[in-house]
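Asks: Listed here are the chains, written in short residue letters.
Number of protein chains: 4
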Amino acid sequence: MNAIKDSVHDWITLSPVAADLLDTPAFQRLRHIKQLSTVRLVYPSASHTRFEHSLGVYHLASEALSHLRVDGERADHVRAAALLHDVGHGPYGHQTEEIIMRRAGRHHDEIGGVIEDTGIADTLRDHDLSPSRVAKLVRGEGELGQLVSGELDVDRMDYLVRDAHHTGVPYGSIDHGRLVRSLGYRDGELVLAAGNVRTAESLLLARGLMNGIVYRHHVSRIAGSMLERAAESLLDRENDVGIEQFARMADHDLLVALGEHVPDLGGRIERRDLYKRAVWAGLSDTPAHLLGLEHEDERAAERDIADRAGVDESEVIVDVPRRPSMKESNARVVVDGVVQRLEEASGLVGAIRAAQRDGWRLGVFAPESEREAVASAAVDVLGLPDRVRR
Amino acid sequence: MNAIKDSVHDWITLSPVAADLLDTPAFQRLRHIKQLSTVRLVYPSASHTRFEHSLGVYHLASEALSHLRVDGERADHVRAAALLHDVGHGPYGHQTEEIIMRRAGRHHDEIGGVIEDTGIADTLRDHDLSPSRVAKLVRGEGELGQLVSGELDVDRMDYLVRDAHHTGVPYGSIDHGRLVRSLGYRDGELVLAAGNVRTAESLLLARGLMNGIVYRHHVSRIAGSMLERAAESLLDRENDVGIEQFARMADHDLLVALGEHVPDLGGRIERRDLYKRAVWAGLSDTPAHLLGLEHEDERAAERDIADRAGVDESEVIVDVPRRPSMKESNARVVVDGVVQRLEEASGLVGAIRAAQRDGWRLGVFAPESEREAVASAAVDVLGLPDRVRR
Amino acid sequence: MNAIKDSVHDWITLSPVAADLLDTPAFQRLRHIKQLSTVRLVYPSASHTRFEHSLGVYHLASEALSHLRVDGERADHVRAAALLHDVGHGPYGHQTEEIIMRRAGRHHDEIGGVIEDTGIADTLRDHDLSPSRVAKLVRGEGELGQLVSGELDVDRMDYLVRDAHHTGVPYGSIDHGRLVRSLGYRDGELVLAAGNVRTAESLLLARGLMNGIVYRHHVSRIAGSMLERAAESLLDRENDVGIEQFARMADHDLLVALGEHVPDLGGRIERRDLYKRAVWAGLSDTPAHLLGLEHEDERAAERDIADRAGVDESEVIVDVPRRPSMKESNARVVVDGVVQRLEEASGLVGAIRAAQRDGWRLGVFAPESEREAVASAAVDVLGLPDRVRR
Amino acid sequence: MNAIKDSVHDWITLSPVAADLLDTPAFQRLRHIKQLSTVRLVYPSASHTRFEHSLGVYHLASEALSHLRVDGERADHVRAAALLHDVGHGPYGHQTEEIIMRRAGRHHDEIGGVIEDTGIADTLRDHDLSPSRVAKLVRGEGELGQLVSGELDVDRMDYLVRDAHHTGVPYGSIDHGRLVRSLGYRDGELVLAAGNVRTAESLLLARGLMNGIVYRHHVSRIAGSMLERAAESLLDRENDVGIEQFARMADHDLLVALGEHVPDLGGRIERRDLYKRAVWAGLSDTPAHLLGLEHEDERAAERDIADRAGVDESEVIVDVPRRPSMKESNARVVVDGVVQRLEEASGLVGAIRAAQRDGWRLGVFAPESEREAVASAAVDVLGLPDRVRR
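Protein chains in written order, with the UniProt record's numbering: chain A, 1 to 390; chain C, 1 to 390; chain F, 1 to 390; chain H, 1 to 390.
Just chain A, same shape as in the assembly:
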């Protein structure tokens, strides 16, 4: 029985090519990359990995293709792309993606190189599949690519329900069965059939609530930004960890390397002995120029704050998230026979966007003992009002 038991979708049947892809070291590596990186420091049950998530995305892609009556080699390519869509992730997933982007110039969606280097491409060719076509689908290109990466992709359907199952927070539990049954194409674009404005809204709402309650929980953000700083230190030091080696690490490799080479931050992350919020500022309290801050300027600001506060540079973290985006607002739904963007069809989109903006926070983090000094210095250096001190 070539099937795998999954706690979310029950049994997942594997095609021969999927079974072979599963056995490649590059895919097995996903067993060692947690889906939600530092979120499990808040929701301890959330230790699930990108391995089972990838299986889930493969499963939902199979279901969607079957409802869309796509089969043959077109379906094989999509299923392979669904399975492989995360093999380009570095250790701790999204947490290290900007580091890899800055230093290797590569986004995790760019899996072309990875699948060639790791031999996955050979496995694909053995089954008469084209590696470059699979890579394009992972980038969301083409009609069928929208299923893998787009506003209505099966990736987000899986992660929302899976993260809900593992965190215990119910809000991600969308009706993926209805979603995959309602997909269709109009003029080459993936759309939801008539009668599904509410279904589309539910995707948006689920992500909106999960963002606030789970994905952007401040404790997870603190741990995540500590991990980023530690990883940069590791790469900056004179030791033999190059960016390509770094990008192929799994979570455990990075955790051990940090413990060895950046012991203070590494140990704190491992023991959950985290920095605290010195400053926590909403959008209206944040001067506009801070929003576009380059990475180097952010680092420079940290050094200024550390100087002024009389603490070590490593004891100040400035974390300025991007402005929130809601990709789902472009999802297309058929309303009265006409395709509309969700944003046009639903008054909720604007409100969710506003709520996401309301929830946006610039954070400055520091060890508990240095919190007050860092807060004062940060308010001065960043030009923030005094009320943002915690």
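Not one of these hints is a red herring.
The list treats identical chains as interchangeable, and a pair is accepted whether it falls inside one copy or across any two copies.
Think about it this way: if two alpha-carbon atoms lie no more than 25 Å apart in a straight line, the pair counts; the simulated DMTMM-like pairs of lysine to aspartate or glutamate are:
1) K276 x D23
2) K276 x D20
3) K276 x D336
4) K136 x D109
5) K136 x E189
6) K276 x E232
7) K327 x D358
8) K136 x D20
9) K276 x D312
10) K276 x E298
11) K276 x D307
12) K276 x E228
13) K327 x E63
14) K276 x E313
If you are wondering where the hints come from, they were derived from the structure by calculation, not from laboratory data.
Since the structure of chain A is provided, determine the placement of chains C, F and H on it from the hints.
Replies: Chains C, F and H alone, transformed into the frame defined by chain A:
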């Protein structure tokens, strides 16, 4: 072991007074009143009853009281009110409440008379509880009454998760564990502790989505309005069903009485051989005067339409729902130390309200064979644009 | 979208013939027959019906057929049989089947007459399906009939998980996904593939535990036997309820008829004001001749006991269940390439059978106030040892 | 709100001492030790850790204590023991416990030393709790110790349901709510109240099924024994990993150390490139002397087999599990007022024991390419019949 197994909250421990109240015929009657009346014609698994819902509300009230550190006879009264809050319902619950209101002048929340007449009051007195105090709590009066009936009451926490469990539609799955842990009082008003704007919004969103997808599904509305008309016919005929007797019926009593005395509509409901939508009109297509229509005027309009369409009066149903209200928008949440109404604290409230308005529909229903004739007549009689015909 | 949301299997896709069968009055009637009759007096959430169970069996049959690679009209017949397998049930399902057997000579599996009389057969013929072939499949005849009724049938797979979901008792939660994937045929017999002895045992264990904890709970047995006596009274009285009319009743019809014509027992069932155990005797305490007692002898014994105890005949119920059988012990499993009956392959079967025998009880039930008198009389009349009195 | 969200028990409320214990590095380390070590190579969703399991055990202990009406400092000690019961585990939990036993002479239940060395003892003393009393409770000593470690302990209640939730295999889903409600003491022994023979059996059956389907799955056993051999190599080599350091490692530390120092086996485990079964022998095929084999003799047999097969010593693994034991068979249940051991009260115990014996297998594992040669050699060296070759 005085505990009952519930599929939603697992084991529910009963206090001695709760155990005695359970044994009264008036409470046992709730076993025979389905929680979602005609919704199960759309979602067949939704056959749960007000009996287990009442147990669930009792359970959540116990949990909330324990977190609020309320005990002794104050807690006993609240728990009794939570358990009994639905004993005033007529057959098919909300579906007959307006009939009972019009003919007996009594809302289902007015349980004072019912509990005296049925002997429940004696059981309460046997345990040194005051029936009138329990009745007041059911009406939401007083500080603790807000727990039983109010913007943050445990009634809605239970029905949302229970309806989600039984319909299979996930959107009602709110985090009731967090809600009951976050309740508190400020100046005599029930509030959610700081950090819970998202939690409060989730209540609103859950109800918003469940309204659209479950509670106001058009098939359930059609069956519900057929049931209402049939019940009115039953009461209007010269037979011995008086309004007080009617109000004490259980679902099965009414279904059999309809089958006997109003066989056409009764049989159709039982066999799910339902009328269809002849007209389906949004708010912007509906002339303002129709919104405030009295019951008698609605009936007169039906007769006019039937006349004009040349069909029997019983073959036309005009269903004009009230404008949607979102009670949860008044829920109080502590934000930065200050109590705010959710409406002030969250930009979502306005959008949800708009979405509810968008989803509002006036319906005219008729047998499939008469649909076209009825649609034409309805458009004329009600002054609707032609595009609302189905 | 021709699909129905189910709280157990999520979305169930309907074929055109299934959709038409669903709309027949005889199938819609199953909405009004609870799956577990009186069990909900113990587990209040268990109000699910044979309607959704039938949909579930249809769904699992579809899955099994797809894994077995059976399609075309053979599959259509099996799916129709799966959907229709319960249309022959009387009101309250198994609770009235012996009454119908004794008076109409018909088992609920004999659906041939029912589907002709109710027009279901015409719907089948409209889709080029043979009613008699469907009826044979429901009786478990033929190779594919084993899927519908047999040791490894999809009927029991659905009811175990569904009853677990609705009662909240976890023990029925078998791995139906693995079961339907492991089915195969050997020499015309349905078997489980190699490696599935544990899987087969799990079916047996699930039913064993559910029997003890749910299906044969003494409170449900008491209510059930009260219902049987009341139904016999109804049929015995000089009123116009004939056995054929009785057999086509739904739960609510029977409950109302009992309330009208057998008000004492009917009212007690409705209000859950149940008889209690006067005698509760295990197998070793029960004289052998009682085990084969004919229905008439059982009634005669009740009259004797009532006489001796000086109570009304209707206040004594003697309930002698059949010896427990474990049909699953004949399930066939491939072990080391050879087909074995589960009984041969697993040492558990004997033990489960022994445990079922251990749990067997003869009961004599009476109103609380008459319990002692009835117990004494029953011990005398039935020749039981004194220790079986409660 | 001092509460943690758990995907199994929902919100878990922490007492002040529990909150402080959670913050100790020795407890945080449990975040990095998976509950089911190598099982996730078969059931990929099973990545949960001893951290959340420990929280779950703490939660169930609290519930049991509340039903038993034990409070004050006695309850505080039990709750602390429940929380800490796994801090003595080495990396990969049970998988390394025999290594640590052989080399450090310490069982994971012996937490006295660990809690002194790691500062946990100080935290306990800060809250006026006695570290030695906590350590005794973890060993199951005393009346209340049975709650933490015994036939009816809350440890097994949590792991069964948690492992079911995370693997997706339903059989561990016991009714822990009923179990904790049914506990009581008789003459200083923990017992289940009358009416719970089935409940006690369900514990046994759950573990029996989970053993066969999950815990002792052959793929997990192969990976586990590879891990053990690799860990022994690590400890045998001339590098600086001492047994005490080893015992304090977390999973990721060990995985990285193996990758560095025992790259072949380490890499195979990480990539799930596992040995296969060369020999798989049931009890009746296994000569008696093999059952009592000392560790050294097992290693010697491996060397003999390797010699004879002409392969490297590291390519042969002989895995002889202990005879299965079913601790639950000693669980005490009240039957007819008398305390009985489950074994006396239930005929199932013997059968489950027999089924466990039936499922017992001696395994010899080797790389796929060497499987045949190793099988021949193993049959010769171990004196096994030829039919045990795979």
